[in-house]
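Novice: In case you want the letters, here they are:
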Amino acid sequence: MDRSLAPAFDQLQNPNGARDAHELYSAPRLMDNMSDATVTLAAIEAGDPKAAEQLLVLVYDELRRLAASKLALEAPGQTLQPTALVHEAWIRLVGDRYPSFKDRTHFFCAAAEAMRHILIDRARQKKTKRHGGDYLRVDFEELDLAASSADDQLLAVNEALDKLALEHPVQADLVKLRYFAGLTNEEVSGVLGISVSTVKNYWTFSRAWLLNEIKLG
Amino acid sequence: MKGDSDREIAIFTEALKVSHRERASFLERACGGDEDLRCKVEALLKAHSRLGNFLEEPPPGASLD
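Sequence lines, in order, name chains A and B.
For my numbering, count along the first sequence from 1 and bump the result up by 23.
For my numbering, count along the second sequence from 1 and bump the result up by 458.
Calculated directly from the structure, the hints in this document are not laboratory data.
Possibly wrong hints are sitting among the right ones.
Which residues of chain A face chain B? A partial, calculated answer using Cβ under 8 Å [to be verified]: (1) L103; (2) A170; (3) A173; (4) R230; (5) L234.
Cβ atoms here follow ideal geometry from the backbone N, Cα and C, with glycine treated the same way.
Construct the complete structure from the given sequences, taking the supplied hints into account.
Specialist: The following block contains the structure:
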């Protein structure tokens, strides 16, 4: 592992610190999910074609639960903190099992994909609500317009990203990790096993590729 | 497929380091008569010139910690 990542991953691998804050979860279920995740990661390594999808479902469920429990504690109009959620899901599902480099790659790519689904679902729901008139139009008309175009751009990026994945799969994973999971260049470098300067080059390329695609679409 | 992807990215990345004036001749040489590839890279360079802050902020509904 790239040593520059050590602090970030040491923090990830401190299960006690993170678990104290979440004693709401019952221990047996946590143990079940942990062993599920470990078994699924081993199955991916063994070449089981269904295992990647199982991992995605597992991570997606965990992230949704974590997101819901955070949002329930806060005021309306809240935002999610993808990086914190993804790191927390990692600790809860895999963290203290001494995973291999490949386990980490599979897990974070699945978590980034799951985070993407969660954020896209939220953008779609907001759009539906707006169109249904379930929104305070009078005072927030301008805000609504700005938010609406940001959501539209997000949905356009989401579609273009599927096309990017067909031509440039590694770069599409990188976009999910950086943009949807909010990882830093250094973290992405550690997850994908490429240098930080390559991460930066791929990121610039992918942004240009997506912007060009959206313009065409 | 992977080779094509790598080549497209490598040429795009190198082209960004070349001055605007020298880009056309650089692309000519780098793409070696592959018109399709040159068109792709040219479109990407055009998009790059108007990237601004695109994707540099967290997506709507998300924030940094």
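Novice: Can A170 of chain A be said to touch chain B, with a Cβ gap under 8 Å?
Specialist: Holds, about 7 Å.
Novice: Under 8 Å, Cβ to Cβ, is where L234 of chain A needs to be relative to chain B, so tell me if that hint holds or is violated.
Specialist: Holds - the Cβ of L234 of chain A comes within 8 Å of chain B, reaching about 4 Å at its closest.
Novice: Is the interface hint for R230 of chain A satisfied, with its Cβ closer than 8 Å to some Cβ of chain B?
Specialist: holds, 5 Å
Novice: Holds or violated: the hint that L103 of chain A contacts chain B, with Cβ atoms closer than 8 Å.
Specialist: Given a least distance of 5 Å, the restraint on L103 of chain A holds.
Novice: Quick check on A173 of chain A please, does its C-beta sit within 8 Å of some C-beta on chain B?
Specialist: This hint holds: A173 of chain A lies near chain B, its Cβ roughly 4 Å from the closest one there, short of 8 Å.
Violated hints for the displayed structure: none, as all numbered hints are satisfied.
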